[in-house]
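Just so you know, the sequences run in chain order C and B.
So the first sequence is numbered by my numbering: it starts at 1 and just counts up by one.
So the second sequence is numbered by my numbering: it starts at 1001 and just counts up by one.
What the hints contain is simulated information worked out from the structure, not anything from laboratory work.
For every residue, glycine included, the Cβ atom is placed at its ideal position computed from N, Cα and C.
Treat the hints loosely; a few may be bogus.
Said to hold, decoys possible - Mimicking DMTMM-like on lysine to aspartate or glutamate, the simulated pairs with C-alpha atoms at most 20 Å apart in a straight line are:
1) K2/C / D82/C
2) K98/C / E1015/B
3) K45/C / E1095/B
Stated by the list, open to error - Between beta-carbon pairs, the in silico distance windows are:
4) K1070/B / D7/C: 17 to 25 Å
5) K42/C / K1070/B: 46 to 54 Å
6) S1022/B / T18/C: 19 to 27 Å
7) T1077/B / K79/C: 20 to 28 Å
8) S1022/B / Y70/C: 33 to 41 Å
9) V108/C / E1105/B: 19 to 27 Å
10) T1100/B / N27/C: 16 to 24 Å
11) S49/C / E1015/B: 37 to 45 Å
12) Q1041/B / K45/C: 13 to 21 Å
The chain contents come next:
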Amino acid sequence: RKEVEQDPGPFNVPEGATVAFNCTYSNSASQSFFWYRQDCRKEPKLLMSVYSSGNEDGRFTAQLNRASQYISLLIRDSKLSDSATYLCVVNPADSWGKLQFGAGTQVVVTP
Amino acid sequence: DGGITQSPKYLFRKEGQNVTLSCEQNLNHDAMYWYRQDPGQGLRLIYYSQIVNDFQKGDIAEGYSVSREKKESFPLTVTSAQKNPTAFYLCASGELSGNTIYFGEGSWLTVV
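Based on the sequences and whatever the hints tell you, model everything.
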């Protein structure tokens, strides 16, 4: 089993719609979680950190469910510019420096 | 302008050659990392460093070498022992907390 698993998608979303997807992690000791956005052939960029029960940043909402060991990302009012691959990143805490990356979920927002 | 600079952006390597990818940061971060990304896969850790003159192997260190002579610099050498080096290489840096990290723009290495 992979340490961090994501549905690869693609999630095809009409412009203006809402899309949500999850990421599951295997290490129950994990302390911090992040969503990064990666555009095609570019570097990942931090979208948001996920602490405690989750947080919201504009149209983006991240939730953490420790009991079921998953985090989710919800995008409201999708824009064409939201088309990207979203990487789930987990800090296992018991293994410094070894952030664990999911393979990413591709989102395609269509006009 | 603060950030992480990787060079070259594109590099072609002949079989049997060593190549070195440069990574420089001016964010005053203690920790630096090298990752490899292959299509459809997550990032895999090659090497990381928490302090000058010290570094640790990641999950796929075989065929790679690094140095950390300065806080700002963490070059990666892809040696001829790396059998499948064609990939997208990403350098990153962050605080010692090991939490949020920031990436350079990446280097595309192709074996010809």
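Each hint tested on the structure:
1. With a CA separation close to 27 Å, the supplied pair K2/C and D82/C exceeds the 20 Å bound.
2. As the CA atoms of K98/C and E1015/B are separated by approximately 30 Å, the hinted pair breaks the 20 Å bound.
3. Between K45/C and E1095/B the CA atoms are separated by roughly 16 Å; this keeps the pair inside 20 Å, and the hint holds.
4. Between K1070/B and D7/C the C-beta distance comes to about 41 Å, which lies outside the given range of 17 to 25 Å.
5. A hinted range of 46 to 54 Å is violated for the C-beta pair K42/C and K1070/B, which are about 27 Å apart.
6. For the pair S1022/B and T18/C, the supplied restraint of 19 to 27 Å is violated, since their beta-carbon distance comes to about 42 Å.
7. Between T1077/B and K79/C the C-beta distance comes to about 41 Å, which lies outside the given range of 20 to 28 Å.
8. Distance hint for S1022/B and Y70/C: a CB-CB separation of about 38 Å, consistent with the stated range 33 to 41 Å.
9. Restraint check, V108/C to E1105/B: a C-beta distance of roughly 23 Å satisfies the suggested window 19 to 27 Å.
10. Distance hint check: the CB atoms of T1100/B and N27/C are about 18 Å apart, consistent with the given range 16 to 24 Å.
11. With their beta carbons about 42 Å apart, S49/C and E1015/B fall inside the hinted range of 37 to 45 Å.
12. About 19 Å separates the C-beta atoms of Q1041/B and K45/C, a value consistent with the hinted range of 13 to 21 Å.
Hint compliance for this structure: hints 1, 2, 4, 5, 6, 7 are not met, and every other hint is.
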